[in-house]
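> Given next are the chains, with one letter for each unit.
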Amino acid sequence: MSAIRVDAKVVMLGKESVGKTSLVERYVHNRFLVGPYQNTIGAAFVAKPIQIGEKVVTLGVWDTAGSERYEAMSRIYYRGARAAIVCYDLTDSSSFQRARFWVKELQNCEEHCKIYLCGTKGDLIEGDRSVRQIDYHDAQDFAEEIGAQHFETSSKTGKNVDELFYKVAEDYNNSAFQYMTEETGVDLGQKKDSYFYSCCHNN
Amino acid sequence: MTLAAGALTTQTNPLNRVLDLHRRYYYYKRTHLTSSIMSQRTERRGIHVDQSDLLCKKGCGYYGNAAWQGLCSKCWREEYQRVRQKQIQDDWALAEKLQREEDAAYASSHGAQTQPHGQSSAPHPGHASLGPFSKFEEKKTNEKTRKVTTVKKFFSPSSRTPPKKETQEGKTPSPSISRHSSFETDQVSRDFVDFLKNLQRPGREIHKQCRAFIVNMSSKKDLSAEELSECVQDFYQNMADRLMSHFKGSSESVEQVMDQVEKYIMTRLYKGVFCPETSDDERKDLATQNRIRALHWVTIQMLCVSMDEEIPEVSENVVKAITDVIEMDSKRVPRDKLACITRCSKHIFSAIRITKNEPASADDFLPALIYIVLKANPPRLQSNIQYITRFCNPSRLMTGEDGYYFTNLCCATAFIEKLDAQSLNLSPEEFERYMSGQASPRLHSSEGDWALAGSAPDATAVATTNPVLVQLNQNLELLSGLISKQERVTEAAQSLQADLLSWPQSVEREVHGVLEKYPLEVAPRTVSAIDANNVDNDNLPPPLTPQVFAG
Chain A
1 MSAIRVDAKV VMLGKESVGK TSLVERYVHN RFLVGPYQNT IGAAFVAKPI
51 QIGEKVVTLG VWDTAGSERY EAMSRIYYRG ARAAIVCYDL TDSSSFQRAR
101 FWVKELQNCE EHCKIYLCGT KGDLIEGDRS VRQIDYHDAQ DFAEEIGAQH
151 FETSSKTGKN VDELFYKVAE DYNNSAFQYM TEETGVDLGQ KKDSYFYSCC
201 HNN
Chain B
1 MTLAAGALTT QTNPLNRVLD LHRRYYYYKR THLTSSIMSQ RTERRGIHVD
51 QSDLLCKKGC GYYGNAAWQG LCSKCWREEY QRVRQKQIQD DWALAEKLQR
101 EEDAAYASSH GAQTQPHGQS SAPHPGHASL GPFSKFEEKK TNEKTRKVTT
151 VKKFFSPSSR TPPKKETQEG KTPSPSISRH SSFETDQVSR DFVDFLKNLQ
201 RPGREIHKQC RAFIVNMSSK KDLSAEELSE CVQDFYQNMA DRLMSHFKGS
251 SESVEQVMDQ VEKYIMTRLY KGVFCPETSD DERKDLATQN RIRALHWVTI
301 QMLCVSMDEE IPEVSENVVK AITDVIEMDS KRVPRDKLAC ITRCSKHIFS
351 AIRITKNEPA SADDFLPALI YIVLKANPPR LQSNIQYITR FCNPSRLMTG
401 EDGYYFTNLC CATAFIEKLD AQSLNLSPEE FERYMSGQAS PRLHSSEGDW
451 ALAGSAPDAT AVATTNPVLV QLNQNLELLS GLISKQERVT EAAQSLQADL
501 LSWPQSVERE VHGVLEKYPL EVAPRTVSAI DANNVDNDNL PPPLTPQVFA
551 G
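Same order as they appear, the protein sequences are chains A and B. Position one of the first sequence corresponds to residue 1 (my numbering), numbered consecutively onward. Position one of the second sequence corresponds to residue 1 (my numbering), numbered consecutively onward.
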């Protein structure tokens, strides 16, 4: 199979109909495209390379089923993820409660996973400010509290979508760079133990 | 009589039954028409196993076992040892051949430069044709010493420590371990060797590492599944690290080689590590299988699947998806199993896209996958999932597209295990009734009319409008035709049976009749009288007298 090689796993979390799929769709068809990408028949899994400075980072974006029906299984999804984009609907306060739930889950189970808080459907509040249910500052405070990046996006207009994914790729690139320099620093003379420092050798 | 009756009860298929009767009938006729009918009959009654059949085929006097091809445990072990040694020798011969070819290629391209290692490569010509086993041990030690030098040569521009495997490599595997050689494994070995040839010298090292690893693994069969997994994963990691330094960080080449390594190793190890006895995989398999069977009533609507199976293209994709997920069990290499899951998922995506006219999201995909798994009831599902998790190259499993679909399959399986009334939007009572088989959801659903169509007066009208019902009716007709045919065959079989039963009786009657008609009368013995009385009988020709012809 000629599947694209993927550097980092990014998992999309969020309540049903919050717009995860649209966000991914928007991202896949934007102009940051480098090289050919697979002609996806579904938006559930997409792999897309992004140019970060000198390097190309390929993000594998995993869409997840948001329905509460599958809540018990969500842990299987974000296992080993390097980044999680937790989505909430700016016009739906219940979706923000769900976002809090996922953040807590991630903090408990995947400490190496960076969290990105993402408010969706920004175009709706631009048209009518009164439909906004989640205050920007509340979300920002929450993001700071959990050490996450916070974005408000619109898949319809494309606002902040590229920025969000660029940030994810950039952070991954930086952390991977750190990770590698750290490793060579330790490496001298004891290469054979190097895999003990890798987080995923025992699946 | 008992013969015929016995034949009838053991055969289930009427056609077979008839054929069998014919065969026996003719056999019977041919061999016993003129000899004792009764004795044959008693001999054939019931199952009769001769004592000698139970004994070891080698004739050592112990009882044999069908599972060991009729040998006793001791003879079986000896036999297997022999087969396995042959396999090992063959493998070494292959490795030798590769080595020699590469040496030749290397020598021709580098002139005499390679000679400093002449000492280490000297053993080959002597062992070019592999002799008896005594030579094999010797050769093995040679291989080992040479390996150490060449490994250093290849892998250590710096003085890196050689891999830990080498210290364990000398262990001989325990005799109870057998490697099954089959066409498939041979083919994979050959492909692997061909692939490595392109890599020149590193290829030889890779092959040796893999061989050593497999031998090493076969001595560890009593480890738990998790420990085995750990061993394999460590090996992958070591191999990847070294390849990485060799290919100077070109991760694509590394991955290519790793794929081949995985294929080679796992094809060899498959039998021993798939669903091992030390784990409870098999029990889980059965539990899941029964669970899926018990959930046969779950409909596409309950799972909120956005697939419309009325559309021919969709149902075609559904069938393909089911085939793919079932096919997974037949593959040996984790990567091939993953490929099956991916193909299955792609078909599901196609089905959803055709139904909804837009790309499927995870919210559509997961329920559809659950539905497919429920419909397919893939064999040994849990074992396969465990096997992939334990022995797949982690880089593939963790991030790539295959990994995504595999994760979804895990989720689907977990969902099916935990599935309850709430997850199907049913009341607990309904769920209980369906589970216990007291009710079928089809009768209540809006599409349930076909179930009632049979009793409704306008059944034919409905049947002609709905293509599914037309198909259903056709199938019913076909079935009733088959039933009547089967009845006819059964009748024929029964009349043949009656014939056969009455036949020996009629023969017996005939024989009795003949015996009565022509009672055997023993004629008085007059033979001696003939000799005595007719000494001078004129009717007899005169005794021959020698005549002398004048020459």
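Derived by calculation from the structure, the hints in this document are not laboratory data. From the three backbone atoms N, C-alpha and C, an ideal C-beta is built for every residue, glycine too. Among the clues, some could well be false.
To be verified - Facing chain A, a subset of chain B residues (Cβ under 7 angstroms, in silico):
| hint | residue |
| --- | --- |
| 1 | PHE365 |
| 2 | GLY400 |
| 3 | GLU401 |
| 4 | SER423 |
| 5 | SER427 |
To be verified - Stretches of chain B that chain A covers, calculated by requiring three or more beta carbons in the stretch to come under 8 angstroms of a beta carbon on chain A:
| hint | region |
| --- | --- |
| 6 | 251-259 |
| 7 | 356-363 |
| 8 | 413-420 |
> Each hint needs a verdict: does it hold in this structure or not?
Consistency of the hints with the structure:
Among the interface hints, the one on PHE365/B holds; its C-beta lies about 5 angstroms from the nearest C-beta in chain A, closer than the 7 angstroms criterion. A least Cβ separation of about 5 angstroms between GLY400/B and chain A falls short of the 7 angstroms threshold, and the interface hint therefore holds. Against a cut-off of 7 angstroms between C-beta atoms, the interface hint on GLU401/B holds, since the closest Cβ of chain A lies about 5 angstroms away. A cut of 7 angstroms between beta carbons decides the hint on SER423/B: the least distance to chain A is about 5 angstroms, and the hint holds.
A cut of 7 angstroms between beta carbons decides the hint on SER427/B: the least distance to chain A is about 16 angstroms, and the hint is violated. Beta-carbon proximity to chain A at under 8 angstroms applies to 3 residues in the region 251-259 of chain B; the threshold of 3 is reached and the given coverage holds. Using a Cβ-Cβ cut-off of 8 angstroms, 5 residues of the region 356-363 of chain B lie near chain A, which meets the minimum of three, so the contact claim holds. A stretch counts as covered by a chain when three or more of its residues have a beta carbon under 8 angstroms from one of that chain; for the region 413-420 of chain B and chain A the count is 3, and the coverage holds.
In the structure shown, a violation is registered for the earlier hint numbered 5 alone.
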